[in-house]
Amino acid sequence: MSVATSLSAQSLRDGLEIYIPFDEGTGNEASDLSGNDRSMFPENNLFPGAEVNWSGGRFGGSAKFNYDYFITSPDYLGIGDDAARTISFWVRLGPDDNNPNGAGGAVIGWGINATGQRMHVKFHGIRDGEGVIRQHARTENQGGNNFGNSLPFNDGNWHHYVSVFDPEVDANDDGILAAVGDFDHYIDGELESKSGGVGNPVLTNISEEEGAQPLSVGGSYFLTRLCDTRIDDFRVYNRALSVDEIQALSRGEDADGPPAVDIISKIESEELVSTGTPIDFTVTPLGDATVAQEDIWLELNGQSVAGETTFEGDENAWKGSFTGLEKNKVYQGKIGATDSMGRSYSFDFTFDTISLDNYAIEAEDFNFGGGGFFDNPVPCETPGGSEANCYFDRVSEIGIDANDDGTDDRPTDDNVDFDAFLDNGYRFGSGALKDELVDTWTSGDSLRAKFMDVGEGIRDFEIERVNTGEWYNYTRNITQGTYQIFLRARVRADQTLSLGTVSGATSSNQTVTELGQFSVSSTGGSYGFFPLKDDQGRDLVMELGGEQTLRLTAVQADNNVDLNYMMFVPATLLVKPQEITLNIASTGDQITLSWEGDGGQLQKSDQVNGNWENVSTTGNSHTITADQSAGFFRIVAP
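The opening position of the sequence shown corresponds to residue 134 in this note's numbering, with each subsequent residue numbered one higher.
Hints were generated in silico from the structure; no laboratory data involved. Any given hint might turn out to be false.
Below, a list of computed lysine-lysine pairs in the DSBU-like style, where the Cα atoms sit at most 35 Å apart [as the list claims (entries may be wrong)]: (1) 583 / 737; (2) 460 / 399; (3) 666 / 460.
Nothing here was measured: the structure is a model prediction, and the numbers come from that model.
Model the full assembly from the supplied sequences, consistent with the hints where possible.
This is how it looks when you write it as structure tokens:
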């Protein structure tokens, strides 16, 4: 029996407890359109500094989650006891997304962690005959579960997911009412099969005094309950929707708003992307609106590439594709569109085309013994600091090689965590106690080839729990060249580190000249590349060569950043353009454009974003006759 067969159709806005379309594209508030004022925000206590990761949606936009945060409605505790409810949302995830076999992360959650008193809508992974994990619908109530196995939805496309419950309908014909087995799941309007521990009664506890947690999306307050997915058009109803209503939602009949702008190639937040990878995307207007091609934009690192993008389709549906990525770049992208009703949606995205073949300095390989260093150290784990050309167990001299404020929770030999520290740390010294004050630990980053090639299970390490004011010196003979420098780090709140050159690296009387800063933003549990920037926030490219001592300093850190390595990417040294001022003077109907300095090319266009053509001039001036036609001029510096 299906729970929805006994219900009559009602308005799709009747009984809404919360409705989050995810159409902002910026900021940290996902607005509630139910009329109940239950907007959602990143959970900041568990994930300090977390920000909504906006993405493309099935309708307008969506929120993207990658085990790094979730959002909550702080004052809304959900639907309690065994009351009827419907949870509806659109979901997009692929077979390669990080969702496990079996009961995966919570997509929606509320209640308390006690038998029958929690509400979780989740993914349930089942391996198919080819060994690929396919995700299915699952609802839990702590102690009972109900999951499907016939309608997988992790194929990289958008799918409509519904979990619906009526306490007065025995939806699984087991003779037990108001149990977790009475939840029905619908995928794209089709009823899913069910199995699992279905007889557990639904007793959802929303008592704040007893510890109930607010409703969450993208995870729950139990930190193993996170997920890797995109969510759009999230709704909770205080009633069980009918089959007709569920199918109407699956057809998008109650969705309207800005155009849906969705990147369909796997590139958002990706690392080490091949330069041949395209940025493929779709733009679909909603309702009666249309979108003109010129009202679609795509920017990479602040420059429009819409002119180099190929388009197919018409004003009712567009598909675009951009190719031409460059190697060894961190890209900051922005994509969006405006429809014929003036409604816009856009979002920022990031990815990189960094190559791991570039020269790198490991963060944990800072100087030792008062200025000692190895030029091309090898990965090793030989205890006692006796391995030639390896930093393992080499001890820094504080104030010369590094600075640590000593506030880290460092275990001692009589501490229960000491063995774990010995097993997972990198630099201890030769004694039984940990002589090295700087906190080094095994890295959670992807293992690079240099470690795998050594063999014997050699691990990657990093500096962890960095505090403000701590610093590390790195002396190396660097091949002469021009480089852009990237910091590889894991960050739980926005931080700032600086990079400088050091003179007198073997003494306590050192002079540091700052080169630039790494402004690192929250990455949650993952790692990212951050370029060195100048004081104006511009990417730096600099000449380096010969023996150099570089210092990495935590300007603002607060125990929320882990440092893995610095990468030196060959780059072209940019020449600062000559500054030229374009002057305008008029006499009668004559307008004279002039500029000072050597060189400069005057250009003209009939529209600001149009094609610019060179104008022939005599010297550094050009005179035109004023008329009724619009004209735009600019001067291009040499």
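Going down the list of hints, with the structure as the test:
no.: 1; hint: 583 / 737; verdict: violated, 53 Å
no.: 2; hint: 460 / 399; verdict: holds, 17 Å
no.: 3; hint: 666 / 460; verdict: holds, 19 Å
The structure does not agree with numbered hint 1 stated previously, though it agrees with all others.
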